[in-house]
Amino acid sequence: MKPFAFDYARPKDLREAGSLLARGGEGARVLAGGQSLGPMLNFRLARSSLLVAIHQLPELCAVEEATDAVTLGACVTHAQIADGRTPDIGARILARIAEGIAYRAVRNRGTIGGSLAHADPAADWLCTLTALGATVLTWRASGGRSIPLGAFVPAAFRTVLEPGELVQAVRIPRPSKGARWGYYKACRKPGEFAFAMAAVLMDEARGMRRAAIGAVGGPPVLLEGERAVPEAVEAALAGSGLDAVERRQQAVALKRALAQAAA
Amino acid sequence: MAQTLDKVNQQPRAGVGASVPRKEDDRYLRGRGEFIADIRLAGMKEVCFLRSPVAHARIRSIRKPEGSEGSVFTAADLAGVGPIVANSRLPGFKPSEQPVLALEKVRYVGEPIAACVAETRAAAEDLAAEVEVDFEELPAVVDMLAARAPGSVLLHDEWGDNVFLETVVDADLEPIRRSAVITVRRRFRTARQCMSPIEGRGAVAVWDRRLEQLLIYTATQIPHIVRTGLADCLRLDHGQIRVVAPDVGGGFGYKGLLLAEEVCASFLARKLGHPVRWIEDRREQLTANANCREHHYDITAYADAEGRLLAIDAEATVDAGAYSAYPFSACLEAAQVASILPGPYDFQAYRCRTWSAATNKPPILPYRGVARAGVCFVMESMMDAIARAVKREPYEVRLRNLIPPEKMPFDNITKKHFDSGDYPECLRRAVKAIDLPVVRARQAKGEPDGSRIGVGFAIFCEQAAHGTSVYAGWGIPMVPGFEQAEARLTPDGGLELRVGIQSHGQGLETTLAQVAHEVLGIGLDRIKVVHGDTAMTPYSTGTWGSRCMVMAGGAVATACRELAQRLANIGAHLLQTTPEQVTVCDGKVIGPAGSVEIGEIGKTWYLRPQDLPEGVAAGGLDVTAGYKPVRDSGTFSYAAHAAVVSVDIELGTVRILDYAVVEDGGVLVNPMIVDGQVFGGTAQGIGTALYEEMPYDAHGQPLASTLADYMLPGATEVPAIRVEHMETPSPYTSFGQKGIGEGGAIGPPAAIANAVNDALAPLGVELTELPMTPKRILSALAAARGA
Chain Y
1 MKPFAFDYAR
11 PKDLREAGSL
21 LARGGEGARV
31 LAGGQSLGPM
41 LNFRLARSSL
51 LVAIHQLPEL
61 CAVEEATDAV
71 TLGACVTHAQ
81 IADGRTPDIG
91 ARILARIAEG
101 IAYRAVRNRG
111 TIGGSLAHAD
121 PAADWLCTLT
131 ALGATVLTWR
141 ASGGRSIPLG
151 AFVPAAFRTV
161 LEPGELVQAV
171 RIPRPSKGAR
181 WGYYKACRKP
191 GEFAFAMAAV
201 LMDEARGMRR
211 AAIGAVGGPP
221 VLLEGERAVP
231 EAVEAALAGS
241 GLDAVERRQQ
251 AVALKRALAQ
261 AAA
Chain R
1 MAQTLDKVNQ
11 QPRAGVGASV
21 PRKEDDRYLR
31 GRGEFIADIR
41 LAGMKEVCFL
51 RSPVAHARIR
61 SIRKPEGSEG
71 SVFTAADLAG
81 VGPIVANSRL
91 PGFKPSEQPV
101 LALEKVRYVG
111 EPIAACVAET
121 RAAAEDLAAE
131 VEVDFEELPA
141 VVDMLAARAP
151 GSVLLHDEWG
161 DNVFLETVVD
171 ADLEPIRRSA
181 VITVRRRFRT
191 ARQCMSPIEG
201 RGAVAVWDRR
211 LEQLLIYTAT
221 QIPHIVRTGL
231 ADCLRLDHGQ
241 IRVVAPDVGG
251 GFGYKGLLLA
261 EEVCASFLAR
271 KLGHPVRWIE
281 DRREQLTANA
291 NCREHHYDIT
301 AYADAEGRLL
311 AIDAEATVDA
321 GAYSAYPFSA
331 CLEAAQVASI
341 LPGPYDFQAY
351 RCRTWSAATN
361 KPPILPYRGV
371 ARAGVCFVME
381 SMMDAIARAV
391 KREPYEVRLR
401 NLIPPEKMPF
411 DNITKKHFDS
421 GDYPECLRRA
431 VKAIDLPVVR
441 ARQAKGEPDG
451 SRIGVGFAIF
461 CEQAAHGTSV
471 YAGWGIPMVP
481 GFEQAEARLT
491 PDGGLELRVG
501 IQSHGQGLET
511 TLAQVAHEVL
521 GIGLDRIKVV
531 HGDTAMTPYS
541 TGTWGSRCMV
551 MAGGAVATAC
561 RELAQRLANI
571 GAHLLQTTPE
581 QVTVCDGKVI
591 GPAGSVEIGE
601 IGKTWYLRPQ
611 DLPEGVAAGG
621 LDVTAGYKPV
631 RDSGTFSYAA
641 HAAVVSVDIE
651 LGTVRILDYA
661 VVEDGGVLVN
671 PMIVDGQVFG
681 GTAQGIGTAL
691 YEEMPYDAHG
701 QPLASTLADY
711 MLPGATEVPA
721 IRVEHMETPS
731 PYTSFGQKGI
741 GEGGAIGPPA
751 AIANAVNDAL
761 APLGVELTEL
771 PMTPKRILSA
781 LAAARGA
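Protein sequence lines, in the order shown, are assigned to chains Y and R. The first sequence: position 100 = 100 (the working numbering), numbered continuously. The second sequence: position 460 = 460 (the working numbering), numbered continuously.
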């Protein structure tokens, strides 16, 4: 299938992107790497009168390293992260997540901000960055916001972004020295969307035990403290719409993520 | 590439038996092939089909968008176009007609309703989106067993039920039932699959006003049969149609049929006066077209205490979809199930009833290993079930039941004629190749990560290149007879082979040249194989049923032998000797005192006839010959597959740890190409076993519309496959070769299912449904825990 006709704009900065989006109204959409929006347009599941390309904007490709966090621009690609071309928050924590996303061709163009804005429940970044306690930094003409990822995705494929607002960057806190990290996802094939996924951060120095369960049909389910154990998964997913087999697979994913963290 | 040396003249061997690199790969590997979507004609427009969004409905009305005259066409516009009809003459077959565009009723999601023509595909899709169809929805018949139940909603009202054909093989099993020590009954189900060649279907059609001829380029395996089908539907003479199959990117059976889209594009090209093209996209392929497999079995096996099979009693249903596809018909699978279910086993009593059930799904189409993949899965699962019942190694139970070599040739219980082979030896080699004792030892030790290891075997036969005697009984629109080939010597000593089959990955541009080289000794680089074009090749039923190496290979050999005789006659004159004194070999005619190059003979006969006495080789150097094997009941190649798997019993995933194939395809014309056929087929069989499934919801909506949902095995799912060959010649074919194109796809579902069940048997689990997905495996484990 081929998409409905649309206009395509390539603004030179965020301000111009913002005004294009404002002028385009409901039919205007942001195009970052296009790895999800492209197929949706082709299938005519999404319709857009104007695509505003942003991957070339320098403000969205910047990276910033601080002692307590790494901030990655929204249009940093999965491949850049996987290849170690951006700062990491620990021993290849982000790189290993990125290199497991889909296939290389997707990683070459897909972006971290695009993934979060698309809000696919089975996406790697949504689940892992939830466990890591990341914050989405947005841009608006009226001034950007700082939104904890846990509050960013109210439902599958939905975000709290307002019209004309876009993801500018994501700020990922550095775990303390000695913190433990684990991430396990179960896929029918490498590169396919996961049917079960769990990310865990055990950061005793910061008093943190966090487990995020992804691919649950909605935003990730965050289990904290003593609840960050496989035994808690069944109850936590009771209302998720997953069936008994799927809930058990999620508990196994968490068990394996915990084992990684303990190793 | 290692090449064997001809013992006699120390030339690298290139004839029958040589693993020469494929001639066609030069253009394929450089990306220089010409496929259907590469063809651009001046003035060409794009066709998009508006397809039914509902599975079963009456069409109350269709409203075309305003101003769309001449660009939107419905059934009412197809003046003079007949439906596609593929009836079988088997008694009781219910005839049906597949409309080119839906007429009055739609019978599956994806059925074409309107053809929309525009400058671009996107604009054509825009047009299609504006066509309004008013449906009166009817309940959908989605499940094949429910379709058979009395009182079901009917697809074809005039039938009275939803059964294309019922077949019965009857026998009195009562005495065996009473005496059998072992009785094993199982129900099996295999998923509906979608054949997925890299290239989908597509057609470019243009009406040539000068020749008053339709020229249609189409991604097909059967150009001549498409021509015959088009002639029927369009009411044209064969002479008014030329079908060209350009480079075709895989077929597997999906390109062995006449599509409504081809008929429609042909009509439009003539009607509109400009070329049109339709290129299928992946969504159309998955949701509207490429459906195959989907069987259900209720089967009982009776055996003695040693596991000797006494009788099989089976009921098989095949979900045939809404229409009978041309030319192989809606009963191809089910009717074959009845005759091939016994497989390579020798037993005394057999009952089998089959039904080809009509449902609100796309017509079922032939796929590599037609009916055989399902049958092999069922029969081989039953052998393992018997083995578990008598507490023996499954391979031992098989050895007890296989047709022994001393009985060859052998006519089995369904009158299948096994031409040659040593089946027990094939299985023994597979047991050795997989190193069964080592696997059993590892199993006994257990895995450190808690996963379970299992080993499974499958042995099966692959009837191929079967001809008139087999197909006449089915009475489908196309019964193969003599296969023709044309061998044409060019004046410069080159050879053109013109064949009506089509090569779409099998390497026939190479292997048919090898056959000609074997006879004439002309270098492979001087032999051109012309195929896939009805204007340039003799009539043929095309490429299907693993028939080409036997049939087209035999025809090429026959034509080349006749050509060799004529060359000998001319050469004898030039050498001043008699034809009896010369031989044709190494591209030369060799006499007692000297030789002459075939090129010199060509130049003399075509351009310097004054150098020859009048009347030498008056029949010419362009020979068309027909060929049939000595017996046309088919060659029987066979193979044993062995798989070792690891099952993650927490997540339900399966990993293939080892895979071995021992295959006997008779004399191999090009062993390297045969290996490729085995690898590719096995990959597809792994898909059948573990991944591929086109689910439908209760309303007949297909649920896998992209390759993210329809899971195909990829590089990470296909292990290194070890292939071993036996080469028992067929007594009936030109070089002893047998058809081997499909075997790779037949064995894996059985071998892998048996391996998974071997792994899970200690947990009380036996799966009987394909594919063996994580969900099915975990559900079965949960059920066993609950039991």
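The reader is advised that the hints may include incorrect statements.
[Said to hold, decoys possible] Distance condition first, Cα-Cα at most 27 Å in a straight line; then the derived DSSO-like pairs of lysine-lysine:
| hint | chain 1 | residue 1 | chain 2 | residue 2 |
| --- | --- | --- | --- | --- |
| 1 | R | Lys-271 | Y | Lys-189 |
| 2 | R | Lys-271 | R | Lys-64 |
| 3 | Y | Lys-255 | R | Lys-775 |
[To be verified] Among chain Y residues calculated to face chain R with C-beta under 7 Å, some are:
| hint | residue |
| --- | --- |
| 4 | Met-1 |
| 5 | Arg-206 |
| 6 | Ser-240 |
[To be verified] Below, a sample of chain R positions facing chain Y; criterion: calculated Cβ distance under 8 Å:
| hint | residue |
| --- | --- |
| 7 | Ser-19 |
| 8 | Arg-121 |
| 9 | Leu-657 |
| 10 | Ala-704 |
| 11 | Val-718 |
| 12 | Ala-720 |
| 13 | Glu-724 |
In case anyone wonders, no lab produced these hints; they're calculated from the structure. For every residue, glycine included, the Cβ atom is placed at its ideal position computed from N, Cα and C.
A quick look at each hint next to the structure:
Between the alpha carbons of R:Lys-271 and Y:Lys-189 the distance comes to roughly 47 Å, so the proposed pair goes past 27 Å and is violated. A C-alpha spacing of about 18 Å is found between R:Lys-271 and R:Lys-64, which places the hinted pair at or below 27 Å, so the restraint holds. Of the supplied pair hints, the one linking Y:Lys-255 and R:Lys-775 holds, its CA atoms being roughly 19 Å apart against a limit of 27 Å. The beta carbon of Y:Met-1 comes within 6 Å of a beta carbon in chain R, closer than 7 Å, and the hint placing it at the interface holds.
Interface restraint check: Y:Arg-206 against chain R, minimum CB-CB distance 31 Å, threshold 7 Å, status violated. Taking 7 Å as the C-beta contact cut-off toward chain R, the hint placing Y:Ser-240 at the interface is violated, the least distance being around 16 Å. Given hint, R:Ser-19 at the interface with chain Y, is violated; its Cβ is 32 Å from that chain's nearest Cβ, farther than 8 Å. This hint holds: R:Arg-121 has a C-beta 5 Å from the nearest C-beta of chain Y, less than the 8 Å allowed.
For R:Leu-657, the shortest C-beta to C-beta distance to chain Y is roughly 17 Å, which exceeds 8 Å, and the interface hint is violated. Annotation: interface hint on R:Ala-704 violated; nearest CB of chain Y at approximately 12 Å, more than 8 Å. Evaluation of the R:Val-718 hint against chain Y yields a violated restraint, the C-beta minimum of about 11 Å exceeding 8 Å. Taking 8 Å as the C-beta contact cut-off toward chain Y, the hint placing R:Ala-720 at the interface is violated, the least distance being around 17 Å.
A hinted interface residue such as R:Glu-724 counts as satisfied when its beta carbon comes closer than 8 Å to some beta carbon of chain Y; here the least separation is about 28 Å, so the hint is violated.
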